[in-house]
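Construct the complete structure from the given sequences, taking the supplied hints into account.
The listed protein sequences correspond, in order, to chains A and B.
Position one of the first sequence corresponds to residue 1 (my numbering), numbered consecutively onward.
Position one of the second sequence corresponds to residue 1 (my numbering), numbered consecutively onward.
Heads up, some of the hints might be wrong.
Pulled from the structure, derived: some chain B residues nowhere near chain A, Cβ distances all over 12 Å [stated by the list, open to error]:
#: 1; residue: ARG14
#: 2; residue: THR48
#: 3; residue: LEU121
#: 4; residue: ASP137
#: 5; residue: ALA181
#: 6; residue: VAL190
#: 7; residue: ALA204
#: 8; residue: VAL205
#: 9; residue: TRP259
With the C-beta cut set under 10 Å, the calculated list includes, among others, these residues of chain A facing chain B [said to hold, decoys possible]:
#: 10; residue: ARG91
#: 11; residue: GLY95
#: 12; residue: THR228
#: 13; residue: GLY271
Among the chain B residues that face chain A by a calculated CB cut under 10 Å, a handful are [what the hints assert, rightly or not]:
#: 14; residue: ALA11
#: 15; residue: ASP87
#: 16; residue: LEU93
#: 17; residue: THR96
#: 18; residue: ALA102
These are calculated hints, taken from the structure and not from any lab test.
We put the beta carbon where it would ideally sit given N, CA and C, even for glycine.
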Amino acid sequence: MTAERTLAPAGEAGDADTAIRVRGLRRAYGAHRAVDGLDLDVRRGEIFALLGPNGAGKTTTTEILEGYRSRDAGEVAVLGVDPARAGARWRARIGIVLQESADVSGLTVRESVRHFAHYYPKPRDPDEVIEAVGLTDRRDTRAGALSGGQRRRLDVALGILGGPELLFLDEPTTGFDPEARRRFWALIVGLRAAGTTILLTTHYLDEAEHLADRVGVIRAGRVVDVDTPERLGGRHLARSVLRWRDAEGAHELATAEPTADVARLAARFGGEIPELTVTRPSLEDVYLDLIGAW
Amino acid sequence: MSTSTATIVAARTRLELKMFVRHREQMAVTFAMPVLLLVLLALIGGGTVDGTGVAESRVHAAGMIAVGIVSAGFQGLALAVAAERRDGTLKRLRGTPMPPVAYLLGKIAQVIVVSLVQVALLLVVGVIGLDLTLPHDPTRWLTFAWVFVLGVTVATLLGLAASGLMRKGANGALIILPFTALQFVSGVFVAPGGLPHGVQRFAAVFPLKWLTQGMRSVFLPDSFRAVEPAGSWELGRVALVLAAWGVVALVVWIRTFRWIENER
Numbered sequence: 001m002t003a004e005r006t007l008a009p010a011g012e013a014g015d016a017d018t019a020i021r022v023r024g025l026r027r028a029y030g031a032h033r034a035v036d037g038l039d040l041d042v043r044r045g046e047i048f049a050l051l052g053p054n055g056a057g058k059t060t061t062t063e064i065l066e067g068y069r070s071r072d073a074g075e076v077a078v079l080g081v082d083p084a085r086a087g088a089r090w091r092a093r094i095g096i097v098l099q100e101s102a103d104v105s106g107l108t109v110r111e112s113v114r115h116f117a118h119y120y121p122k123p124r125d126p127d128e129v130i131e132a133v134g135l136t137d138r139r140d141t142r143a144g145a146l147s148g149g150q151r152r153r154l155d156v157a158l159g160i161l162g163g164p165e166l167l168f169l170d171e172p173t174t175g176f177d178p179e180a181r182r183r184f185w186a187l188i189v190g191l192r193a194a195g196t197t198i199l200l201t202t203h204y205l206d207e208a209e210h211l212a213d214r215v216g217v218i219r220a221g222r223v224v225d226v227d228t229p230e231r232l233g234g235r236h237l238a239r240s241v242l243r244w245r246d247a248e249g250a251h252e253l254a255t256a257e258p259t260a261d262v263a264r265l266a267a268r269f270g271g272e273i274p275e276l277t278v279t280r281p282s283l284e285d286v287y288l289d290l291i292g293a294w
Numbered sequence: 001m002s003t004s005t006a007t008i009v010a011a012r013t014r015l016e017l018k019m020f021v022r023h024r025e026q027m028a029v030t031f032a033m034p035v036l037l038l039v040l041l042a043l044i045g046g047g048t049v050d051g052t053g054v055a056e057s058r059v060h061a062a063g064m065i066a067v068g069i070v071s072a073g074f075q076g077l078a079l080a081v082a083a084e085r086r087d088g089t090l091k092r093l094r095g096t097p098m099p100p101v102a103y104l105l106g107k108i109a110q111v112i113v114v115s116l117v118q119v120a121l122l123l124v125v126g127v128i129g130l131d132l133t134l135p136h137d138p139t140r141w142l143t144f145a146w147v148f149v150l151g152v153t154v155a156t157l158l159g160l161a162a163s164g165l166m167r168k169g170a171n172g173a174l175i176i177l178p179f180t181a182l183q184f185v186s187g188v189f190v191a192p193g194g195l196p197h198g199v200q201r202f203a204a205v206f207p208l209k210w211l212t213q214g215m216r217s218v219f220l221p222d223s224f225r226a227v228e229p230a231g232s233w234e235l236g237r238v239a240l241v242l243a244a245w246g247v248v249a250l251v252v253w254i255r256t257f258r259w260i261e262n263e264r
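Structure follows, in structure tokens:
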């Protein structure tokens, strides 16, 4: 978890501290403004999760950052370079893990990792990367015969092979079982520990909460809030809900001072408060609030 | 080209060939089709071309060599690259530092190898079964070499250019139909002199007629020149028309090539 990390609010950081800087990004498809004046800062070394409903502009934004798509307006610097004009040297510094890929299916894990290593000026050792993603015992299996989770780990292997400074992860754990997801998260946390900046897009709020140092919420082509998972949408200031039970039945109390209220209740019961729960608004609650889903 | 680019081209070539060999059914069809057509044509026909004494099957053999090149290069690549765009191969490549020229050269190398095997198969069948004789004159083999390399390059570039026209969900018939139609008017099945003038003029716009003619100049006796449309092999024009198509295809490829499927 991220509770012990000290994080200053987003500011105007210099290039040395900033992996991604976006100002006033716009991209329209015909009359539809998919990205409509978007600002974004991702610091070096952090895991930044981009959340937002389908159609909010997440994919268009990340594909512009990855150098796949053109933009209509705005400033974009990824590792200090404009992706629209970036070349091979810049591509050697980033890693991209695409959503649901089906390529290299005729190659084994080892063949594909070894092949892609040719593209990078300073590739990591292929066998070491295969080991890092936990595919060593599947290295001679063709990609087309891997399970969904194994296939995604191969995608990650190909994404981190060049030793990227910045890794894009697009909905990496869709379709994973809970255990595979936990293992995958550990892999990603390990990458951050090694200094890799990660831009994660996901639909899973527990994933964002578990992994992300900061979360940005996109709605209608703009970033509507950026903060740590604990503080997003004023979550830390919001009222908590106390629930307990006594002879009269179940009770519920919304309060801005849960600690004082719990102390008062404990004094009244002279010890344990029956069936006590203290609930702060979940990330999902504030997220749904931010995207206007209520 | 830097050494690292050369290494990447070599790696891409190995990969393309590996993938080609692993698609066994596709490989079998690719190699069997022209050979099968050649044999069937020999079984049906079997006469000589009027006024030349040259067996029609030898005309067909030269034609099938040209068709083999174009089907491996143009048809094969247009479909394969469209499939690579659909399954995310191209998107992944675009996200790596691989130079795009390495992708192009890997494809050309793959088509060269596949076409060489194809030509060898056709020549073996032709020599054993269809009284085709291999030329002894080294200048003819020299002609074969440049017509072959030029033909493969043009076919590959056309295939890459055409792949851009294959929008999401487009049918392969879009590529296969015009190519098949072109074979009938380009002197593959019928000696070109026997075709109506309008048809000859139409076919002369496209590269297949010139590639076929170039191959006839290698494998047919000079006496056959009498029934060629211009009364000669027109090798200069073969080079010119093929090169022109190559340049056009290269420009179209560079201007229309998309790495991702749904750039709206």
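Inset, instruction - Report the numbers of all earlier hints that the structure fails to satisfy, in ascending order. - result: 1, 9, 12 and 13
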